[in-house]
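*Asks:* All chains should be modelled from the sequences, with the hints used to inform the complete structure.
No gaps in the numbering here: position 4 of the sequence shown is 4 in the UniProt record's numbering, and each next residue is one more.
Be a bit skeptical, because a hint or two may be false.
Stated by the list, open to error - Capping the alpha-carbon separation at 27 Å, the derived lysine-lysine pairs in DSSO-like fashion look like this:
#: 1; residue 1: LYS13; residue 2: LYS23
#: 2; residue 1: LYS57; residue 2: LYS21
#: 3; residue 1: LYS16; residue 2: LYS57
#: 4; residue 1: LYS13; residue 2: LYS57
#: 5; residue 1: LYS57; residue 2: LYS20
#: 6; residue 1: LYS23; residue 2: LYS57
Said to hold, decoys possible - Quick list of simulated restraints, FRET-style, between CB atoms:
#: 7; residue 1: PRO97; residue 2: GLU30; range: 39 to 47 Å
#: 8; residue 1: ARG112; residue 2: TYR59; range: 34 to 42 Å
#: 9; residue 1: GLY104; residue 2: ALA2; range: 45 to 53 Å
Keep in mind that the hints were calculated from the coordinates and are not lab data.
All residues carry an ideal CB built from backbone N, CA and C; glycine is no exception.
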Amino acid sequence: MAPSRQEELVSRKIGKTIAKKRKAAGYTQEQVAEHLGIGNEAFSRIERGLVSPGIFKLYELAELFQCGVETFLIEGSGRPTDQAEHLQLLMSRLSGPDRQMIVGIVERLSARLGKEPRKSKSDADLSP
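*Replies:* Listed below in structure tokens is the structure:
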């Protein structure tokens, strides 16, 4: 059975996050493929979202990139709770005054954007 549109979107978002983390860690696709014990093309297909990595592969990638395994699921998620967790992770690296500045910016943006309720494309794509 072919994957659903939602499954394809999730695979692409996970793949983008994997590519982002790989580049940030300074690895080539070939190096990561070798670490995982798979071919270069197989890993390229994972990064492009054509193939979903298994849970064990996500754990191996998290260990290699020194991040939590949940990172691959949260960063590309359109769910508000996942987005909040991603923002929390980003803000945890900042000083108190910088966090307060970010909160102020988000509050102002939220107030302004909240005046005209609209559904974003990513929310529509991931709705059940």
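*Asks:* Run every hint past the structure and note whether it holds.
*Replies:* Consistency of the hints with the structure:
The hinted pair formed by LYS13 and LYS23 meets the criterion: a straight-line CA distance of about 15 Å does not exceed 27 Å. Proposed proximity of LYS57 and LYS21 is supported: the alpha carbons are some 14 Å apart, at most 27 Å. For a cut-off of 27 Å, the pair hint linking LYS16 to LYS57 stands: about 15 Å separates their Cα positions. Pair hint LYS13 plus LYS57 holds up; C-alpha atoms about 16 Å apart against a cutoff of 27 Å.
Between LYS57 and LYS20 the alpha-carbon distance is near 16 Å, which keeps this suggested pair within the 27 Å criterion. Taking the CA atoms of LYS23 and LYS57, the gap is near 17 Å; set against the 27 Å cutoff, the hint holds. Between PRO97 and GLU30 the C-beta distance comes to about 42 Å, which sits within the given range of 39 to 47 Å. Judged by the Cβ atoms, the range 34 to 42 Å given for ARG112 and TYR59 holds: they are separated by roughly 41 Å.
Checked against the given bound of 45 to 53 Å, the beta carbons of GLY104 and ALA2, roughly 46 Å apart, stay inside it.
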